Structure formats: C-alpha cells, structure tokens
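Chemist: One line per chain: the protein sequences are D and X, in this order. According to the UniProt record's numbering, the first sequence is numbered sequentially starting from 1. According to the UniProt record's numbering, the second sequence is numbered sequentially starting from 1.
Hints listed in this document are in silico derivations from the structure and should not be mistaken for laboratory results. All values reported here derive from a predicted model rather than from experimental measurement. It cannot be assumed that every hint is accurate.
[As the list claims (entries may be wrong)] Under the rule of at most 30 Å between Cα atoms (straight-line distance), these lysine-lysine pairs were calculated in the BS3-like manner:
hint, chain 1, residue 1, chain 2, residue 2
1, D, 128, X, 73
2, X, 128, D, 20
3, X, 20, X, 73
4, D, 128, X, 76
[What the hints assert, rightly or not] To be clear about the criterion: a stretch of chain X counts as covered by chain D if any three or more of its residues have a C-beta under 8 Å from a C-beta of chain D, and this derived list gives those stretches:
hint, segment
5, 129-139
6, 244-258
[Unchecked claim] Take a look, some chain D residues computed to stay more than 12 Å from chain X by CB distance:
hint, residue
7, 8
8, 24
9, 44
10, 56
11, 93
12, 106
13, 113
14, 144
15, 231
16, 233
Cβ atoms here follow ideal geometry from the backbone N, Cα and C, with glycine treated the same way.
Number of protein chains: 2
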Amino acid sequence: MPEHITSRQNPRVKEAVKLKQRRQRERQGRFFIDGVREIDRALNAGLGIVEAFVCESLCSAEEAQAVAKRLEKQAKEFLTVTPDVFEKLCFGERTDGVLAVAATPHHTLDDIELPERPLVAVLEGLEKPGNIGAALRSADGAGLDAVIVANPGTDLFNPNTVRASLGTVFGGNIAAATSEETIEWLRGIELPTYAARPEANHRYDGVIYNQGAALVLGSEAHGLSDVWYGAGVTAIGLPMHGIADSLNVSATAAVLFYEARRQWDAE
Amino acid sequence: MPEHITSRQNPRVKEAVKLKQRRQRERQGRFFIDGVREIDRALNAGLGIVEAFVCESLCSAEEAQAVAKRLEKQAKEFLTVTPDVFEKLCFGERTDGVLAVAATPHHTLDDIELPERPLVAVLEGLEKPGNIGAALRSADGAGLDAVIVANPGTDLFNPNTVRASLGTVFGGNIAAATSEETIEWLRGIELPTYAARPEANHRYDGVIYNQGAALVLGSEAHGLSDVWYGAGVTAIGLPMHGIADSLNVSATAAVLFYEARRQWDAE
Numbered sequence: 001m002p003e004h005i006t007s008r009q010n011p012r013v014k015e016a017v018k019l020k021q022r023r024q025r026e027r028q029g030r031f032f033i034d035g036v037r038e039i040d041r042a043l044n045a046g047l048g049i050v051e052a053f054v055c056e057s058l059c060s061a062e063e064a065q066a067v068a069k070r071l072e073k074q075a076k077e078f079l080t081v082t083p084d085v086f087e088k089l090c091f092g093e094r095t096d097g098v099l100a101v102a103a104t105p106h107h108t109l110d111d112i113e114l115p116e117r118p119l120v121a122v123l124e125g126l127e128k129p130g131n132i133g134a135a136l137r138s139a140d141g142a143g144l145d146a147v148i149v150a151n152p153g154t155d156l157f158n159p160n161t162v163r164a165s166l167g168t169v170f171g172g173n174i175a176a177a178t179s180e181e182t183i184e185w186l187r188g189i190e191l192p193t194y195a196a197r198p199e200a201n202h203r204y205d206g207v208i209y210n211q212g213a214a215l216v217l218g219s220e221a222h223g224l225s226d227v228w229y230g231a232g233v234t235a236i237g238l239p240m241h242g243i244a245d246s247l248n249v250s251a252t253a254a255v256l257f258y259e260a261r262r263q264w265d266a267e
Numbered sequence: 001m002p003e004h005i006t007s008r009q010n011p012r013v014k015e016a017v018k019l020k021q022r023r024q025r026e027r028q029g030r031f032f033i034d035g036v037r038e039i040d041r042a043l044n045a046g047l048g049i050v051e052a053f054v055c056e057s058l059c060s061a062e063e064a065q066a067v068a069k070r071l072e073k074q075a076k077e078f079l080t081v082t083p084d085v086f087e088k089l090c091f092g093e094r095t096d097g098v099l100a101v102a103a104t105p106h107h108t109l110d111d112i113e114l115p116e117r118p119l120v121a122v123l124e125g126l127e128k129p130g131n132i133g134a135a136l137r138s139a140d141g142a143g144l145d146a147v148i149v150a151n152p153g154t155d156l157f158n159p160n161t162v163r164a165s166l167g168t169v170f171g172g173n174i175a176a177a178t179s180e181e182t183i184e185w186l187r188g189i190e191l192p193t194y195a196a197r198p199e200a201n202h203r204y205d206g207v208i209y210n211q212g213a214a215l216v217l218g219s220e221a222h223g224l225s226d227v228w229y230g231a232g233v234t235a236i237g238l239p240m241h242g243i244a245d246s247l248n249v250s251a252t253a254a255v256l257f258y259e260a261r262r263q264w265d266a267e
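Next comes chain D alone, as it looks inside the complex (with noise of 0.2 Å):
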C-alpha cells in the first residue's frame, strides 16, 4: 500500500510546494510537473520520477488513472493524497488527480545528436515562461532537430513552460548553454545562421534552409545579444505590413520554424 499524505504540514508536501520557485527547483535539482499529458510525456522521454502525488477521488478520469498507473511503477516514491492536500500541491489550478516530481535533466551542447542537414533552433534570453514553451512546441510540431535555450530569463523547468510546451520540453535534443558557447558550436558544426531580427534586410522566405539552418530568436524587450551581430550570420525578417513592427518571439518562431521545415520537405 502506497503512503497516504492527509495533512498540508506534511514535510514532502511542504517541499514539493517549494517547487514553485525558481531558486528551490534550482537548488533541490527537481521541479514539478501537473496535467496528465505533461506527465505522461516525461514518463515517455524517461524522465527520472522522483515523486508521485495521486489523489484517488481527483483522478476518475480514464487518461489520468492510466498515468496514475504509470507512476505507480515508475516513480521512485508513489504517494497518495487527500483532495485537500492534492489542492495545496496543485495551487488550485488543476484538476487532473496526478501529480509528479521529476529530477530536472541538463543537458548541453556535447549531448545534442544530429542528423544530415539538421534545423536547429536558438532561443536567446526569452523572459517568459509561455513564449518559451510555445517556441517548445512549435519546435517540435516542425520537427526541428534540436532546440538550444541561451541565457534564458527563466529556468525551462517553470511550471508555465512546462504547460506551454504541453510537455514537448521532454522531448529530448534540448540543450542549454551561453550565447558564446552556442555560437562556437554552429561554427563548429558550420551550420548557415540566421537571426531574426526586426531590421534584417533579408527576407524570412529569401534565404534557403533546406541545406540545414540554425534559427535564432532573441528577448522581445531586448533583442538579441552582440554574438550575433557577427561574421556569419545573417539576419533575417518577417515581412511586417500592418502598424506593429514585430510579432509576439513565439509566432514569429512559429513562421520561421514551418517555411524552414516547408522547404525541406519540398527539396
């Protein structure tokens, strides 16, 4: 029989709540995850499951107790939890009975695998959580082969950046690194670089992807970093016909990751 949680002042209770902030994630080395397809998704990317939180009379939804049955498995510790408890752990936001503490994965550049001409996105200093999940996703709709987050504003295990990507951010070939680091490596590799950036004189549907591309998408507020104003690069942009000078990073990522994909497919 698992351990039943009835008490709010449970000391893992307590910790997994913690979770919440970034420092506590990055200390303790794990974050959280809510939603049954997020969670079924880091059990498919063999995502190490610290702990799992199930309360019964939450979880009558048929997808939710076939995750919970996944966890019970898997997971290291598999708890079960009053409704009251499951409120406090969940925030009050979700419903779906399942809950669960995965160890957080880090990976970087060296663990990135790549194929022949490869599509890689670079994510550079994204402030919000849910632009960054939604780059995430489109990345993986597109099949791009890798996605490398630069310096982001915010760590890609926040719970909204988990949601966003509705779980794609397990998907494996995602790497962090610095600015610096990220662009030796597409030299390395030599990878054809563009930038989107709002004053390109490039076209996005000008220039040829499907000899492999490096996509690079910088902060909205800030812009993208001085590297890639270098030998190399190209800038690129989207066409802008209206009253805005630029599209919210994640749609202007969806555009680029589908005409770069578009013309792969065509080749």
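Assemble the complex: chain D is given as a structure, and chain X must be docked to it using the hints.
Modeler: Relative to chain D, chain X alone:
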C-alpha cells in the same frame, strides 16, 4: 488646468477600475487602455477617448509625455492623478503614467471593406485574451485585409487582448459576428474558405491562397463548431512531426497568415 484627483475613492476612479470586469465593460460601453504604445495606436485609429488619467511624476519618458499631450487635446475629459491613485487605476502593473478609457467600437460584417483577392481571418470561440491578441498582431503583421472574431469566449477589449495585440486590435477591419453570420457572409462574397483542423487531409502549404482566402481558426479546447464542417469549407492542417498533435492556436494562426501572404506576394 485639468482636474487633479488625489483620492482613491474618487467616483471617476472607482468607475474606471470596474472596467477590469467584462460585465462592466459591456454595461458602460467603455474599456481601459494602458501602455503608451497601445494608447498611441488607439488615438491613431481615431477611437473616442472618453477619459484620460495622467500621473505626471510617473510620466517621465519622452513617449509617455508625447502621448499625454495628445490625450490632453483629444480626450473628452483629461484628468491628472497622484501616484497612489494611478497605482489603483493600473492595478499595479504598468508604470507608463498614462491611462485612457475609450468608447468600445462595434464593428460588424457590414463595416468591412475588402480589396480584390482579400485575405481574411476568422477566429472562432477563442477563450484566451492573450491568444486573440497575438493572433490580431500576427494578422496585422501579415497584412490581412480583415479579421472576424466569431463567438469569442472573451470580449475583444479585455485588457490582456489589447496588450497582447500591441494595440493592433484598434487597427480597423476587425469585426465581431456569430459563426453563422460569418459563414453566410463568406459564401456571399464567394471567398474560398480554409478551416484549420488537426485531422485535416490537406497540408496548409498545399493549397492556393493567392486568389483570396478566408483562414478559419478555432479554440484549442473545443475545436471548430459544426458550421465549418459543411460544403465549401476545405480543412487544412500543419504537418506535426513531433509528439504534440497541434500548436498553440496563435502559433498556428501566424504560420497560416504568413504562408497566405507569402503566396500572395509571390504572385
């Protein structure tokens, strides 16, 4: 000299604060605009500004002062407020020092004017203000000729929609209608209609948009309503190469709008 408000209990302040609620926006027929860029675009679009609240000590940036001057000329009532009152008005979120209350525009299908071979977007049943706003911003960027917001789950002038749209919601040729009215109108003008659906047989980049097109997007949670499954509507979809079965709706919107524009420009 403009009236200077020093009390958080001032009745004008209390009425304006209520505009955070949708019901109050509908009852008062007014909505709230914060942010220098958004107010600037509202003025450019000729929106009727009913009230302006300016906090001089917070309004130090050049752009903010310029907008404050425009408001002083164009707002029906121009009021100055203390930082304390301003904080109450802006919900502690923005510090640009300028706020405007505008009369809610009501544009219907009859107000839309279209060129030859128009590109039109239909956003049906979107729930999240941020997604509607981002889609409007992308439609503006791609230079679509009109956007019809059908059966939205939120009002078009929710503060988060205005903000995510960067003020492009004021740009004109944006109309609200029911889904039934919209499809009738599209049939009336004989515009080829493409509905984005996950299970579509046609790739979005395998159809021809350059004779004009309506691009229809629905809610992620509920999909499109039945009217878009009838005759004359072609289902299109983005190829999904990864583990997720769809993109965020505003990412899908950006990809479709820019593919339509790309084809149109290449004509």
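Chemist: Does the claim that residue 8/D lies off the interface hold, with its Cβ farther than 12 Å from every Cβ of chain X?
Modeler: Since the minimum Cβ distance to chain X is about 29 Å, residue 8/D lies beyond 12 Å and the statement holds.
Chemist: Please verify that the nearest CB of chain X lies beyond 12 Å from residue 56/D's CB.
Modeler: At about 25 Å from chain X, residue 56/D clears the 12 Å cut-off, so the statement holds.
Chemist: Could you let me know if the closest chain X CB is still more than 12 Å away from the CB of residue 144/D?
Modeler: violated, 8 Å
Chemist: Straight-line Cα separation of residue 20/X and residue 73/X no greater than 30 Å?
Modeler: It holds: about 26 Å lies between the C-alpha atoms, which stays within 30 Å.
Chemist: With 12 Å as the threshold, tell me whether residue 233/D passes as away from chain X on beta-carbon distances.
Modeler: Non-interface label on residue 233/D holds, nearest chain X Cβ at 22 Å vs cutoff 12 Å.
Chemist: Find the nearest Cβ of chain X to the Cβ of residue 106/D and say whether that gap is larger than 12 Å.
Modeler: Given that every Cβ of chain X is farther than 12 Å from that of residue 106/D, nearest at about 21 Å, it holds.
Chemist: When I compare C-beta atoms, does the segment 129-139 of chain X have three or more residues closer than 8 Å to chain D?
Modeler: holds (count 5)
Chemist: Hint check: residue 128/D vs residue 73/X, CA-CA at most 30 Å. Holds or violated?
Modeler: Roughly 37 Å separates the two Cα atoms, so the pair is violated.
Chemist: Need the status of pair residue 128/D, residue 76/X: alpha-carbon distance at most 30 Å?
Modeler: violated, 37 Å
Chemist: Decide, holds or violated, for the assertion that all CB atoms of chain X are farther than 12 Å from the CB of residue 44/D.
Modeler: Residue 44/D is in fact no farther than 12 Å from some Cβ atom of chain X, at 7 Å.
Chemist: When you look at the beta carbon of residue 93/D, is every beta carbon of chain X farther off than 12 Å?
Modeler: holds, 15 Å
Chemist: Against chain X, does residue 24/D keep a CB gap of more than 12 Å to every residue?
Modeler: Given a closest Cβ separation of 25 Å, the condition holds.
In terms of the numbered hints stated before, the structure departs from hints 1, 4, 9, 14, listed from lowest to highest.
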